[in-house]
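Please model the entire structure based on the sequences and the hints provided.
Quick note: the sequence shown uses the working numbering, first residue 529, plus one each step.
Hints in this document: simulated from the structure, not taken from any laboratory. Honestly, I wouldn't trust all of these hints.
Stated by the list, open to error - Each computed BS3-like pair below joins lysine-lysine, with the alpha-carbon atoms no more than 25 Å apart:
id, residue 1, residue 2
1, K606, K561
2, K561, K584
3, K546, K535
To be verified - Pair ranges (Cβ atoms, derived):
id, residue 1, residue 2, range
4, E597, D746, 34 to 44 Å
5, S808, I590, 11 to 21 Å
6, P762, S676, 40 to 50 Å
7, P762, S607, 43 to 53 Å
8, N713, Q539, 39 to 49 Å
9, D596, R646, 25 to 35 Å
10, K569, G648, 30 to 40 Å
11, K569, A708, 39 to 49 Å
12, P714, G630, 37 to 47 Å
13, I590, G732, 45 to 55 Å
14, A810, P762, 31 to 41 Å
15, D601, K636, 15 to 25 Å
16, V712, Q681, 32 to 42 Å
If you're wondering where the values come from, they're calculated on a predicted model, not measured in any experiment. From the three backbone atoms N, C-alpha and C, an ideal C-beta is built for every residue, glycine too.
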Amino acid sequence: MAFRNFKEMLQRAQELPKSRLSVAAADDLEVLKSVKNAYEKGLVDPILVGDREKIKELSRQINFEVEDEQIYDIPEPKSATEKAVRLVSEGKADIIMKGMVGSSEFMKTVLNSEYGLRTGKTLSHLAAYDVPEYERVLFMTDGGINISPGLYQKVEILQNAIDAVRSLGFDEPKVGVLAAVEVVNPQMEATMHAAVLSKMAERGQIRGAVVDGPLALDNAINEEAARQKKIKSPVAGKADILLVPDIEAGNIFGKSLIYLAGGTMAGIVLGAAAPIVMTSRADTADGKLCSIVMASLVGRRL
529 MAFRNFKEML QRAQELPKSR LSVAAADDLE VLKSVKNAYE KGLVDPILVG
579 DREKIKELSR QINFEVEDEQ IYDIPEPKSA TEKAVRLVSE GKADIIMKGM
629 VGSSEFMKTV LNSEYGLRTG KTLSHLAAYD VPEYERVLFM TDGGINISPG
679 LYQKVEILQN AIDAVRSLGF DEPKVGVLAA VEVVNPQMEA TMHAAVLSKM
729 AERGQIRGAV VDGPLALDNA INEEAARQKK IKSPVAGKAD ILLVPDIEAG
779 NIFGKSLIYL AGGTMAGIVL GAAAPIVMTS RADTADGKLC SIVMASLVGR
829 RL
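What follows is the structure, given as structure tokens:
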């Protein structure tokens, strides 16, 4: 089942029981706006960890009624993050979301071996894009965490993405492993990685998806471009997930969809014991909401 847009993804999430959302250092206006939005749409029951007075004041500004029992009063961001993570690791919350705390400090706490959410898997970022002129939601990994992944990391990044997208309702997603060209060139590492990943999927070493590559972007997502280049592949022109060669390619691709094509992005971090929501201040309100939607849907199947 493919989603044509984020509205359909939201509707699916609203059919399920609420998730318990633990927000680390929640005294942040933009984060509280997104939490309010998700709460009012019946997606989450929020647990806010941070400076109680600031949370109360910011909540009043946006007409968000927060009860005292929903707040853990821990003003110091590091301690607040530790508590928010513990709530998830102790089974008292389903999703962790970053608030007013640095990303590095947040992730360090998430991966703490004593109380964190470490699983032994590689952490990776999965982005989803709703682009007005494109027929369905398109997924991309990893444009947010792994800088220049080697082949082994790409196997784990790809498996993370496949498992997450399958949890959204896709029976057997199609994965296009991207490179600059669609032929194997020993001088272009991305094409070599793509060929190996495709064969690994064929042999069952990567599970749950049809994987093909190398594919250039045009013939991964556009059937006419694939026909013109005479590419015969069950993935060509039909990719649900795009695996990019490195973080730079993913960053440029994603921002092009947002700023040039008018797209909206949602994204979550995978590989931990629970979905992780790390929104950017540059994300739109819809993007922040859909990041929570993604986390809620994926968390039901982890």
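Here's how the hints hold up against the structure:
1. For the hint linking K606 to K561, the alpha-carbon distance of about 22 Å falls within 25 Å, and the restraint holds.
2. Pair hint K561 plus K584 holds up; C-alpha atoms about 13 Å apart against a cutoff of 25 Å.
3. Between K546 and K535 the CA atoms are separated by roughly 17 Å; this keeps the pair inside 25 Å, and the hint holds.
4. The hinted range of 34 to 44 Å is not satisfied by E597 and D746, whose Cβ atoms lie roughly 53 Å apart.
5. Separation of S808 from I590 is about 19 Å and conforms to the stated range, judged on CB atoms against 11 to 21 Å.
6. In this structure the hint that P762 and S676 lie 40 to 50 Å apart at CB is violated, the actual value being about 29 Å.
7. Distance hint check: the CB atoms of P762 and S607 are about 51 Å apart, consistent with the given range 43 to 53 Å.
8. Between N713 and Q539 the Cβ separation comes to about 44 Å, which falls inside the hinted range of 39 to 49 Å.
9. For D596 paired with R646, a C-beta distance near 32 Å keeps the hint of 25 to 35 Å intact.
10. Separated by about 34 Å at the C-beta atoms, K569 and G648 satisfy the suggested range of 30 to 40 Å.
11. Range check, K569 to A708: Cβ separation about 41 Å, and the 39 to 49 Å hint holds.
12. In this structure, P714 and G630 meet the distance hint of 37 to 47 Å, their C-beta atoms being roughly 41 Å apart.
13. Range check, I590 to G732: Cβ separation about 50 Å, and the 45 to 55 Å hint holds.
14. With their beta carbons about 36 Å apart, A810 and P762 fall inside the hinted range of 31 to 41 Å.
15. A C-beta distance of roughly 23 Å is found between D601 and K636, which places it inside the suggested range of 15 to 25 Å.
16. A beta carbon spacing of about 20 Å between V712 and Q681 contradicts the range 32 to 42 Å that was offered as a hint.
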